[in-house]
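Number of protein chains: 2
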Amino acid sequence: MTLTWFNSFDRLFVPLLKEVPKHAVAHSHQLLLRGGYIWQAGSGLYALLPMANRVVQRLQSLVRAELNAIGSQECVLPAITDKHLWQQSGRWQEAGDELFRLEDRKGAAYCLAATHEETVTALVSSLVSSHRSLPLYLYQMQPKYRDEMRPRYGLLRCREFMMKDMYTFDSSEQDARATYAKVVECYQRILQRLGVPFAKVQADTGLIGGSLSHEFQIKAEIGEDELIFCDTCNQAANIEKIDGLIDACPHASPSPSTSPRPPSASCSWTTSKGIEVGHAFLLGTKYSTVFDAAFLDADSQRQDIHMGCYGLGLTRMLSAVAEAQHDAEGLIWPIAMAPFVVSIASVGRMNTFKDEKCRALYEVLNSRPELSDLIVLDTRDMSPRHKLANSRMVGIPFTVLVGDWFDSEHLEVYARTSHDKQDMSVEEFVSLLSSPALHNTSQIGYA
Amino acid sequence: MTLTWFNSFDRLFVPLLKEVPKHAVAHSHQLLLRGGYIWQAGSGLYALLPMANRVVQRLQSLVRAELNAIGSQECVLPAITDKHLWQQSGRWQEAGDELFRLEDRKGAAYCLAATHEETVTALVSSLVSSHRSLPLYLYQMQPKYRDEMRPRYGLLRCREFMMKDMYTFDSSEQDARATYAKVVECYQRILQRLGVPFAKVQADTGLIGGSLSHEFQIKAEIGEDELIFCDTCNQAANIEKIDGLIDACPHASPSPSTSPRPPSASCSWTTSKGIEVGHAFLLGTKYSTVFDAAFLDADSQRQDIHMGCYGLGLTRMLSAVAEAQHDAEGLIWPIAMAPFVVSIASVGRMNTFKDEKCRALYEVLNSRPELSDLIVLDTRDMSPRHKLANSRMVGIPFTVLVGDWFDSEHLEVYARTSHDKQDMSVEEFVSLLSSPALHNTSQIGYA
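Top to bottom, those sequences are chains A and B.
The numbering of the first sequence is the numbering used here, which starts it at 1 and goes up by one.
The numbering of the second sequence is the numbering used here, which starts it at 1 and goes up by one.
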């Protein structure tokens with residue numbers, strides 16, 4: 001199929017706002033509103049406009065690829081969930097006011113699932129009976145619901161949000177622990193590919209329950225948790241739980257210490273606040289015993305299934321990354337999340353020469369599989385200064401100016417992270433855009 | 001990235017059922033349960049297991065590509081919708097018991113959106129002010145909710161379902177009519193690419209309102225509408241509205257007639273029942289006047305925006321296509337919707353030779369962009385007869401048997417639509433799988 005459709009700012013719906021409401025106090029909230037990414041439909045309820053939808057879909061693709069690579073399978077579970085399921089687990093009571101509840105026309109009671117342990121365990125109980133079906137890793141990427149007391153900070157704490165939740169089913173505690181290690185490693189790979197500063201933090205198990213739990217935190221000053229990070233190994237601990245970091249971080253001195261200072265000269269601990277974007281729980285048989293999720297082992301003995309659950313807040317990650325990476329000019333997306341990677345902006349009144357050069361460059365870049373659908377034209381009747389400022393505000397990593405002087409050996413490239421113009425050939429630009437270092441895949445064993 | 005992950009029936013979660021519940025009377029419902037595609041979580045509430053999720057995602061990709069090609073942009077709108085929005089349009093009352101309603105912890109009232117005219121018009125009212133932002137086509141692919149009195153037939157009539165809904169905004173009635181024609185043509189292209197018998201039917205405007213409306217129906221005996229189809233031009237009419245077909249079908253004789261018989265010898269009208277899978281409405285200014293969605297034209301005059309809305313029931317299409325295409329052995333997916341296009345099945349005990357040949361064939365096929373992630377290995381310890389029967393039950397279009405006799409010049413290929421073995425080389429097979437005719441893109445102007 002030849003290219004019949006160009007992404008172009010002429011037609012894209014990116015309604016930039018000059019003023020944002022006063023209640024938008026978080027930088028990420030202000031920038032996502034100003035940049036035409038989100039629209040508030042109600043308290044804690046947001047529409048994702050086309051630019052935010054692109055970022056979420058890029059996140060979904062990246063997460064899907066990494067989860068599939070460890071043998072996970074995607075499914076869809078209903079949001080409307082029978083009260084009886086949540087009564088069986090005891091969470092119908094426990095969840096209190098945070099659960100949205102409703103009745104159907106016949107008076108039957110339901111909740112909008114905040115999480116799907118009950119549903120997926122009932123499903124597995126009904127469909128799995130043999131050890132040959134295990135291990136089984138099922139995940140979903142769907143809206144979930146929580147009736148927050150104080151929704152705030154835009155997508156950081158809202159009432160309808162896009163989650164990736166994975167539920168794992170193993171035939172023994174040992175296998176479930178191996179799965180836990182595999183998924184935690186997978187989460188680290190996902191966050192490394194995003195290229196934002198994050199840490200793995202030992203955590204409490206809370207309402208979900210279980211015996212082992214980690215959080216994944218993105219460093220940002222608006223975060224609710226005060227953490228100590230080791231920048232060398234991406235480990236961290238809550239400031240009240242410094243022992244956890246000393247156990248986990250190879251850069252700590254061997255003797256336990258309760259001081260929040262680096263225990264050895266070779267390590268680089270810093271304190272920061274963090275935003276939780278992911279959570280891993282080893283659940284054991286907490287839910288499988290309730291819903292009778294069991295299997296016959298190779299000796300035809302009945303055994304309970306061992307579970308884990310693993311969440312990633314996809315819309316929350318948008319805001320968390322926007323908190324972690326921005327400046328006075330606007331958003332700064334990592335390559336792996338950017339709605340577009342390159343904007344090609346014409347300078348001065350359009351003519352045949354510039355039109356041809358813009359489109360030719362678009363096709364060269366867009367034909368690279370890793371850049372497909374990630375290039376956008378900006379041929380609006382607007383000054384180059386204004387176009388660059390727009391591009392920097394919405395956080396596009398690279399902008400190329402195309403004027404009458406255009407020469408494919410000497411592109412004018414502006415990176416979002418610098419103010420200097422870079423001079424390079426089309427070939428050099430393509431090779432820069434395709435380099436593993438830029439996509440953060442160089443250091444983590446991608447073939 | 002080299003291939004590290006193979007799709008394989010060894011690991012895929014495809015829980016085949018031998019017996020289906022008695023209340024599952026529709027063929028599609030029985031087959032989707034038997035084939036391990038869906039699991040019932042409650043009345044009118046279904047989980048999409050990995051195979052159904054694959055079919056829905058393929059549908060989504062196809063629909064997304066066609067909608068983007070006419071300049072549409074994807075967004076996400078919240079399901080939880082403020083009562084006041086629906087009161088403004090009058091539908092809070094009109095929708096009656098079909099609307100799921102709920103209250104939050106503070107007692108504020110909401111519904112779960114069955115459709116998003118109110119939300120998207122309020123959004124456009126708030127973010128669009130100039131003719132330069134028009135036309136604007138916004139679409140979403142999300143779960144929607146309807147509290148059906150009698151949920152039945154699996155995904156055909158359920159209470160939580162995946163919809164593609166598009167809302168279009170134009171600056172004049174004339175432009176809105178041109179948009180209407182463009183989207184209706186786009187829908188026809190989508191259904192042609194699926195390769196299932198369908199028809200465009202003039203329809204009532206009902207609760208949504210507006211001045212012009214068409215339905216898209218897939219022919220199936222379980223459908224609720226009795227239709228007369230012209231098989232030559234894919235037009236159809238409700239049997240009570242034969243005049244509509246006579247107006248629309250170029251194969252009708254020019255003189256109006258109320259007889260349900262073909263009015264001319266050259267046409268081929270047949271009667272059949274149909275399942276509605278798509279609906280188009282020209283809305284005019286019905287919603288824009290309510291929500292004050294207006295713009296300033298080139299002369300700075302304030303004008304109401306002209307709207308259209310266009311639905312496609314994505315999960316419903318799964319069931320509709322399964323109704324339209326199946327036989328006693330199971331499902332028959334069109335290439336464009338199949339969860340996998342080719343199953344590569346080993347014959348007899350696995351050995352190094354067969355393992356190598358299976359994987360090599362997998363890589364050759366999977367490396368074609370149009371077949372990427374659509375190939376599956378079947379190396380289970382099971383008779384070839386059993387593997388073929390499984391493959392036919394879940395509806396995979398082609399199965400290749402790989403035994404010790406394997407010869408890349410003479411593959412053993414079994415098509416789902418025939419019982420005969422076909423003998424062809426790998427090269428011929430690849431060329432068959434990539435032919436535009438098989439993907440139904442040959443006759444509809446794809447470059």
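Think of the hints as simulated: they come from the structure by calculation, not from any bench.
These figures come from a predicted structure and were not determined experimentally.
Just so you know, not all the hints are guaranteed correct.
Only pairs whose alpha carbons sit at most 25 Å apart, straight line, appear in this in silico DSS-like list of lysine-lysine [claimed, not checked]:
| id | chain 1 | residue 1 | chain 2 | residue 2 |
| --- | --- | --- | --- | --- |
| 1 | A | 83 | B | 144 |
| 2 | A | 106 | B | 144 |
| 3 | B | 106 | A | 83 |
| 4 | B | 387 | B | 421 |
| 5 | B | 83 | B | 144 |
| 6 | B | 22 | A | 106 |
| 7 | B | 83 | A | 144 |
| 8 | B | 354 | B | 273 |
| 9 | A | 18 | A | 286 |
| 10 | B | 354 | B | 18 |
| 11 | B | 144 | A | 144 |
| 12 | A | 144 | B | 387 |
| 13 | A | 106 | B | 286 |
| 14 | A | 22 | B | 106 |
| 15 | B | 421 | B | 357 |
| 16 | A | 83 | A | 182 |
| 17 | B | 354 | B | 387 |
| 18 | A | 387 | A | 421 |
| 19 | B | 83 | A | 83 |
| 20 | A | 387 | A | 357 |
Status of each hint after checking the structure:
no., hint, verdict
1, A:83 / B:144, "20 Å, holds"
2, A:106 / B:144, "19 Å, holds"
3, B:106 / A:83, "21 Å, holds"
4, B:387 / B:421, "15 Å, holds"
5, B:83 / B:144, "16 Å, holds"
6, B:22 / A:106, "23 Å, holds"
7, B:83 / A:144, "20 Å, holds"
8, B:354 / B:273, "47 Å, violated"
9, A:18 / A:286, "51 Å, violated"
10, B:354 / B:18, "30 Å, violated"
11, B:144 / A:144, "14 Å, holds"
12, A:144 / B:387, "38 Å, violated"
13, A:106 / B:286, "32 Å, violated"
14, A:22 / B:106, "23 Å, holds"
15, B:421 / B:357, "19 Å, holds"
16, A:83 / A:182, "33 Å, violated"
17, B:354 / B:387, "16 Å, holds"
18, A:387 / A:421, "15 Å, holds"
19, B:83 / A:83, "24 Å, holds"
20, A:387 / A:357, "18 Å, holds"
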